[in-house]
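Starting from the known structure of chain B, arrange chain V on it as the hints suggest.
Protein chains in written order, with this note's numbering: chain B, 1 to 418; chain V, 1 to 418.
Keep in mind that the hints were calculated from the coordinates and are not lab data.
One or more of the hints may lead you astray.
Treat identical chains as interchangeable: a pair holds within one or across any two.
[Claimed, not checked] Capping the alpha-carbon separation at 25 Å, the derived lysine-lysine pairs in DSS-like fashion look like this:
id	residue 1	residue 2
1	LYS90	LYS314
2	LYS357	LYS237
3	LYS114	LYS314
4	LYS19	LYS146
5	LYS273	LYS238
6	LYS314	LYS6
7	LYS237	LYS273
8	LYS26	LYS146
9	LYS114	LYS6
Quick caveat: nothing in here was measured; it's all calculated off a predicted structure.
Protein chains: 2
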Amino acid sequence: MTHQPKLIIGLLGYGVVGKGFYNAVKQTPGLNVVIKKIVIKHRAKARDVDDNLFTDDVEAVLQDDEINTVVELIDDAKAAYALVKKAMEKGKAVVSANKKMIAENFEALMYLQKQYRVPFLYEASCCASIPILRCLEEYFAFDEVKSIKGIINGSTNFILTKMLNSQLSFSEALAAAQKAGFAEANPALDVEGHDAANKFSILLAHGLGCRVHPREILYSGITHISKADIDYALKEKKTIKLLASAQKTTDGSVRAFVLPCFIRQDDELCHVKNELNALEVEGVFLGRQIFKGKGAGAYPTAAAVLSDVAAVQKGYQYPYRKLQEKSTGLKNDFLLDVYISADQLTKIKISDFKRIKEVQSRLGIHYVLGSIEAGKLLNTNWWKQKGVSLFVTEITYAQNNLPVSQSVTTNELAEISM
Amino acid sequence: MTHQPKLIIGLLGYGVVGKGFYNAVKQTPGLNVVIKKIVIKHRAKARDVDDNLFTDDVEAVLQDDEINTVVELIDDAKAAYALVKKAMEKGKAVVSANKKMIAENFEALMYLQKQYRVPFLYEASCCASIPILRCLEEYFAFDEVKSIKGIINGSTNFILTKMLNSQLSFSEALAAAQKAGFAEANPALDVEGHDAANKFSILLAHGLGCRVHPREILYSGITHISKADIDYALKEKKTIKLLASAQKTTDGSVRAFVLPCFIRQDDELCHVKNELNALEVEGVFLGRQIFKGKGAGAYPTAAAVLSDVAAVQKGYQYPYRKLQEKSTGLKNDFLLDVYISADQLTKIKISDFKRIKEVQSRLGIHYVLGSIEAGKLLNTNWWKQKGVSLFVTEITYAQNNLPVSQSVTTNELAEISM
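In isolation and in its complexed conformation, chain B is listed as follows:
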């Protein structure tokens, strides 16, 4: 372990995580690592470190054969992919934290690793500080993973914690998250659930051997959660979490979603607060493992990047073992027990429900409790429109074989048709 190749790093991006990574490297003794160049957009901007390190010309890194490792920490997924591709073609190892870029270009990136025999590692892309990808690849290597469930977006969890515990509105909580540095200036990627879907796409591949583009996953965000929803949850002694959940069935197929859920106070995910992330991974032999740690922040993320750099130094590459076992892919044939609320009941498409347990439409409170097929939700958008919010009330993955129910009372139906 002592004679490791020197890594000469070209760092792409110098935002919050980039700075954190630069400082972490500087403050870490015993690393045989040098950051030779830092590529940034705006050369002009004043920097807090040696100005000669910086360049706005990416070729200064790509064409420098001494640079054997590229650490990619820029926002723009498209630009990132183009640069990562070029770096790998040049035979450089790449470490990235760009979940969107990875989730959307997964096959291409696997091909590039094989083709150019270079490590491509991205632990920091999923749950920042939690060592989940390495554990799934190595520790669960020979144990079949039956399910993965967790909180994988720090900023939405921070916002939900404030909405539930401090009675803040969504916009107030979002402002607090931005103030605390746990939400981007443009928070859409987080609060609309895209970020969680990107991460889950990566986790499904490494954990359940199920490769799907994020857009194939049933997901939503937390933007339309109303005061009434919060009150309903608290009345039911539940809390609200944006959960990513997936289950592998005996035939190898996977059922998955990323949706806001009502969870009981005795569920341990209930205790995962603010920017923390947590994942429950259940193996056939290992049983239920829980990983919990900081899901956001400069240093937790930078440290995960650093651990990948150390792994590159050892020539580590992901075996993608679960993908070799091949699952039969994603199925959306299961029923979700949901609570769907709206500012007008007419926004809720009652006919899409497979079964209705309760309809409430009075005193300005409108909601429907019932069961709806995941595939139905995936193919419609009415439940994502402004004023409407959907919550999973019970995670069952029940198969869709229920008779259409008549449990709505005429009185309630009368109200619906109003």
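For chain V alone, coordinates are given in the frame of chain B:
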């Protein structure tokens, strides 16, 4: 990752975990692993598998050059060490779950690995299913670990859970644990804290770079916990856990103990019940990581052994990175805030306290609340005698620089001298 050397395994021991390992190997597709021989004590005993696999002659494994890997799963630490040593001398890789053997022979085992260039892995020795050693070695490779705290013995945690939640006495709870298969027929190793001390000794080396023999660690078990102690804890809205706790100070020295603790309901370790284990590892950059999983049971332990077998296949060896950084070793100069109860107050050596907050001695309830130096406890045994139990009330690692306090009232002192 696809062309891995075939492992021909000699399995030592066929107890609960040995059987679990054998079955796990049989049920795992894609393993390039064969169990060629199983060494057991009593050849005669009827077995549920191919009888030709079994032998009571260990040489059948040691002298078989085709066998390149030994999986050691026997109880007797002394015998185990002798066998492991011989196997390594023969150039065989070794996987073990024997925490006592490893903790007591740590240096010798490190030497043997170097000398004979063979992997020696033991993930299953610490917290069964939790992948803690690999994470400490690889993921925390370049992040300094500031502290480790956790529940690392499943059977004592099972017993304490039953004592607190089901109001069972220690002996009733122990019987329940044995019935559930979470305690040995001879439970001393677990309930007296030896097992936790052995594990913690291993964790201190891999996590904090502090190598100490288990006997150098301040520890005790749970055997003398009384109904009165339980009532006191519940009255204080606390629960009781046998915690292993260690902290690294800026000078690199380590302060550590394994003792029963009163912990608050809002402490997440409070939710770690029955046979579950949990570890909180705090890194300078990574922040607080929590690992939680099954700490006992045939399959969780066998699966950890299997993950080591997979690692052997990749030629993995522990780098012992934290030991290379060298800490200045264990210090016992810190004060512990404790509650010590006894069936007779005279059993409590008041003069050993640095400070006394409260003395209670009436209606058959006798206890002292105060501060006592860790080193003092390490060098005395009165607090371990029958009828006496000690609990840490607050984990502070406060330095011992307090003035001796006069806070005991004459009235209380009068009672003490009774």
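List of violated hint numbers, smallest to largest: none
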